[in-house]
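Student: If you want the building blocks of each chain, they are given just below.
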Amino acid sequence: NAGVMQNPRHLVRRRGQEARLRCSPMKGHSHVYWYRQLPEEGLKFMVYLQKENIIDESGMPKERFSAEFPKEGPSILRIQQVVRGDSAAYFCASSPGVGRSNQPQHFGDGTRLSIL
Amino acid sequence: GENVEQHPSTLSVQEGDSAVIKCTYSDSASNYFPWYKQELGKRPQLIIDIRSNVGEKKDQRIAVTLNKTAKHFSLHITETQPEDSAVYFCAATPMKTSYDKVIFGPGTSLSVIP
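Taken in order, these protein sequences are the chains called A and P. Numbers in the working numbering are just positions in the first sequence, counted from 1, shifted up by 7. Numbers in the working numbering are just positions in the second sequence, counted from 1, shifted up by 4.
No wet-lab data here; the hints were simulated from the structure. These figures come from a predicted structure and were not determined experimentally. Some hints here could point you the wrong way.
[Claimed, not checked] Which chain P residues stay away from chain A? Per the calculated CB distances, all over 12 Å, these:
#: 1; residue: V8
#: 2; residue: V24
#: 3; residue: K26
#: 4; residue: S30
#: 5; residue: S56
#: 6; residue: Q64
#: 7; residue: A67
#: 8; residue: N71
#: 9; residue: A74
#: 10; residue: S78
#: 11; residue: H80
#: 12; residue: E87
#: 13; residue: D88
#: 14; residue: P118
[Said to hold, decoys possible] Calculated lysine-lysine pairs in the DSS-like style (CA-CA distance at most 25 Å, straight line):
#: 15; chain 1: P; residue 1: K46; chain 2: A; residue 2: K34
#: 16; chain 1: P; residue 1: K61; chain 2: P; residue 2: K75
#: 17; chain 1: P; residue 1: K62; chain 2: A; residue 2: K51
#: 18; chain 1: P; residue 1: K46; chain 2: P; residue 2: K72
Every residue gets a Cβ at the ideal spot worked out from N, C-alpha and C, and that includes glycine.
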C-alpha cells in the first residue's frame, strides 16, 4: 500500500523559471494538502484540495502560486517566475476525506526546491 | 481562527529521562489533536493522536494528555532514547471545519543526549 508519493525529490530552478511539484495521495484518499517548510521552521499550510476543487487556499501567496487536483492524475503545485525566497521544502499530505471527520494526514517525503 | 502554541522550542534530556512538550490551542471547539515527529531531512510522521472525548492515550513510551477546560494538551515520552531526537509538532483541528485541515504548532526540537 504505497504512501503519499511526491516528485521530484529535489528540484533546481533559476530565477524566473517555473517549478511544478507533483503529489499522488495514498490509495483511497481524496483530500490533499500542501505545506511549505523553511529550514529549521514549522509547517506552513498553503492549500487544501479535493478532486477538481480548491477547498481552502488561505495560505497561498496571492501571486505566482497555484494548485490543482484534476480528476485524473496527481495534484500539482505550480510556482511561476520563481525567486530565491521560494527555496524551501514543499510537503504534500493526504487524508481519506470520507466517513468520520478529523482523520490524520499522512505526509510524503517532500520536494526540496532550490532557486539559483 | 485557530492558533496553536507550543513550548519549549528546544529541549535537551539525558537518555533514559522523560520529555514533556506542551501545546495550547485557542478554538474551544477543536476536537482532534495529532502529534507528528520529523527527523532531520525526513517527512513528518504521525506518532499519536487524541480526540476530545478522551483525556489520555498511551502507546508504549509515548502518551498524550488533553485538558479541554484549559485548552492544552501535552506529549510525554518516557525512557527517552537517542532515536527520539527529532522535531515534534502538535496540531489541532477546529471543529468548524468539515474536513481534516490541521493547524500546526511551531515545533519542539528534542535532543536526547546519550
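Student: Compare the distance between the alpha carbons of K61/P and K75/P with 25 Å, and conclude whether the hinted pair is satisfied.
Tutor: Since the Cα atoms of K61/P and K75/P sit roughly 17 Å apart, the hinted pair holds (cutoff 25 Å).
Student: Would you assess whether Q64/P, listed as outside the interface, keeps its beta-carbon beyond 12 Å of every beta-carbon in chain A?
Tutor: With a cut-off of 12 Å, Q64/P remains clear of chain A, as the shortest Cβ separation is near 18 Å.
Student: Hey, is A67/P genuinely clear of chain A, shortest beta carbon separation above 12 Å?
Tutor: At roughly 17 Å from the nearest Cβ of chain A, A67/P sits farther out than 12 Å, so the non-interface label holds.
Student: If I take the minimum Cβ distance from A74/P to any residue of chain A, is it greater than 12 Å?
Tutor: Given a closest Cβ separation of 21 Å, the condition holds.
Student: Given the hinted pair K46/P and K72/P, is their Cα-Cα distance within 25 Å?
Tutor: violated, 32 Å
Student: Please settle this one: S30/P was flagged as non-interface, so is its CB more than 12 Å from every CB on chain A?
Tutor: holds, 16 Å
Student: Since H80/P was said not to touch the interface, does its Cβ keep a gap of more than 12 Å from each Cβ of chain A?
Tutor: holds, 19 Å
Student: Confirm or reject: E87/P is not an interface residue toward chain A, with every Cβ-Cβ distance exceeding 12 Å.
Tutor: Consistent with the label, E87/P stays out of reach of chain A, its closest Cβ about 19 Å off (over 12 Å).
Student: For N71/P, is the shortest beta carbon distance to chain A beyond 12 Å?
Tutor: holds, 19 Å
Student: Take a quick look at V24/P and tell me if its Cβ sits farther than 12 Å from every Cβ on chain A, holds or violated.
Tutor: holds, 19 Å
Student: In terms of Cβ atoms, is chain A entirely out of 12 Å range of P118/P?
Tutor: holds, 23 Å
Student: Given the hint that K46/P pairs with K34/A, does the C-alpha gap stay at or below 25 Å?
Tutor: holds, 21 Å
Checked against the numbered hints above, the structure violates hints 1, 5, 17, 18; every other hint is satisfied.
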